[in-house]
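Student: Respectively, the protein sequence lines represent chains A and B. Just so we're aligned: the first sequence equals residues 5 to 504 in the numbering used here. Just so we're aligned: the second sequence equals residues 71 to 220 in the numbering used here.
Calculated from the structure, these hints are not laboratory results. Fair warning: there could be bad hints in the mix.
Unchecked claim - If you want a taste of the chain A side facing chain B, the calculated C-beta under 10 Å gives, among others:
| no. | residue |
| --- | --- |
| 1 | T164 |
| 2 | I431 |
| 3 | P473 |
Quick caveat: nothing in here was measured; it's all calculated off a predicted structure. Don't be surprised by glycine CBs; every beta carbon is placed ideally from N, CA and C.
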Amino acid sequence: MLESLIAALSPLNLALALCGVLAGTIIGALPGLSATMAVAVLVPFTFTMDPASGLIALGAVYTGAIYGGAYAAILVNTPGTPAAIATAMDGFPMAKRGDGDLAVTLSCLASVVGGLVGALALLFLAPPLSQIALAFGPVEYFWLAIFGLSLIATLSAGHTLMGLMGGCIGLLLSTVGSAVVGGDVRYTFGQTQLLGGIPIIPAMIGLYCIPVLIDLVIRPEAHLERRSEQIAGFRLIEALGAVWRSKFNLVRSAVIGTAVGILPAAGGSVAGLVAYTEAKRTSKDSKQFGKGATDGVIASEAANSATVGGGFIPTLVLGIPGTPPDAIILGALLVQGIRTGPQLFTQQADIVYTFVIGLIIATILMLPTGLVVGRYAFRLIISVPKTALAPGIALLTVIGAYAIEANTVHVLMMVGLGLVGWLLARIGLQASPIVLGLILGPIAEAGFVQAWLIGGAQGNIPAMFFGRPISLAIIALTLLTLGWPFIVAWRARRTAAGTT
Amino acid sequence: METLGNRTSNLIAAGIALALGAYALSQTGEMSELGAVFPTTAAIVLIIAALALALRVVLRGGKAAEQQSVWSGLEWPRLVGLSITLLAWALLLKPLGFMPAAALGLLAVGVITYRERMGLKALALHLLAGGALLAGFYGLFSVVLRVPLP
């Protein structure tokens with residue numbers, strides 16, 4: 005652990021943490037450019053770094069981007085990232101009444117505390133969880149992947165059929181190329197470039213970034229609304245007082261964020277909304293929520309930042325991404341030759357602990373970065389014209405897709421998938437379920453086929469799939485997840501009926 | 071009740087999913103039994119979901135007052151121009167090399183995005199910024215990160 009601490013405090017890693025937080029904050033501050041996109045466009049920078057440094061950089065970018073989303077949410081009522089949706093609910097009313105500076109400082113403090121809780125959970129919960137994960141066989145991984153896929157129901161609340169279709173499209177895309185078990189060549193149209201399958205990072209850059217680029221170019225309106233609110237100062241003492249008064253809300257929201265982050269694919273937006281709802285439900289002054297309640301900003305920001313550390317737990321322990329940016333980081337780890345899973349904490353403990361400590365340092369660095377630099381970054385970005393922003397994003401996507409394997413075909417695939425992704429998004433098929441299917445498909449297929457073969461050899465295939473305690477627990481969680489949107493809808497109807 | 075805009079989008083989505091599922095299913099005959107299990111399952115679920123969506127749209131009917139279509143307000147020439155630019159950028163990377171292809175790509179995307187009248191000073195500033203961005207990225211990837219750029 006001491007060696008990891010020393011490694012994390014090396015000048016290079018400290019510089020990467022600082023630059024990562026800074027870059028993430030700037031990208032996250034732009035509405036439409038999510039934390040996922042921030043990580044996606046910056047991931048190629050890490051390929052030549054050593055794994056721990058690369059992970060620190062990506063973790064810092066992710067942390068910064070989640071926080072950066074609060075700027076646009078507070079100042080122009082446009083969540084910079086989906087994770088900041090709940091922040092806008094009270095942050096913008098605060099800005100409208102002239103407390104935008106206070107809201108920004110509050111969001112920074114809450115993000116730092118939330119991020120630290122998530123990172124500490126990663127430090128202390130991931131190792132014991134990895135021991136449990138050692139008991140996982142192919143069938144458990146199969147069910148875990150199915151559990152991850154079931155979260156499409158959460159991602160696509162209100163559009164479950166669309167989400168299911170997107171997930172299936174992703175699963176089918178994941179089967180392109182040689183089969184993970186058996187070596188069947190599938191859906192390659194005779195193209196040798198497709199034998200290796202659809203590359204994950206270019207696919208994600210295409211599916212997430214190209215639609216943003218297209219919307220930026222084809223819409224006449226400005227990419228950011230200009231408003232007159234000016235940030236007057238830090239109001240740090242006032243913000244610290246508000247945070248102290250809201251300490252239970254802060255800790256509870258951070259714990260909610262960590263827990264939601266651990267659930268595969270449920271990201272900052274879900275965490276922020278759940279924590280916000282809980283803060284409103286338990287507040288003595290719940291009527292102030294939506295009108296500029298400081299507790300609302302604190303709850304949302306603490307929760308969405310806590311998902312960063314929480315999301316890394318399943319990513320590193322099980323190889324199942326906790327949030328969409330984790331999916332990209334998982335892809336980057338695979339490119340680096342790191343196989344995530346329970347053994348990671350024993351065989352490559354130095355890398356993991358250096359990263360976790362680096363993430364804690366990055367989260368702490370977010371305080372000065374967020375307070376001093378981030379606020380000016382937003383003002384700078386709002387003034388960048390589209391004619392400069394769009395070519396810059398285009399360059400980042402092209403170089404990002406190319407740099408992974410120095411392969412021009414990947415750029416073509418990225419562009420093609422991006423254009424298709426934009427079209428699909430227009431008709432309601434969003435990128436996240438497709439990406440989830442693409443990532444989890446190979447895990448589910450390998451687990452399924454291996455479990456089927458083992459079960460067949462043992463002469464009892466049903467017992468292999470449905471007779472193991474961990475599998476049954478995961479199946480129960482999957483059913484709960486699938487039923488959750490219906491439970492939430494039922495509770496909402498009941499609450500609505502009660503209030504009328 | 072669904073709006074006509076949603077209805078059309080949902081029907082298009084269902085049609086695409088149905089076609090994709092049918093194609094994927096038709097190809098599984100050439101695969102081994104184990105290799106076909108997963109694509110077959112995904113294709114069947116896709117087809118069922120598409121049919122369920124189409125059925126839901128048909129049964130629910132459409133609202134007379136059409137909601138603004140997701141296709142309205144788009145500037146199609148820019149969309150086509152951007153798509154062609156990005157595809158051409160990807161295709162020209164190898165034959166032209168990174169720098170020329172990227173320079174052309176940046177210029178084209180800038181021109182396609184261009185709307186407001188720009189003075190000479192602003193134009194020079196844009197070109198300068200584009201050049202600096204390109205040189206910066208080239209230096210970073212090629213020299214610092216040692217990525218073999220074409």
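Student: If any of the earlier hints don't hold here, list their numbers in rising order.
Tutor: Of the numbered hints given earlier, the structure breaks just one, which is hint 3.
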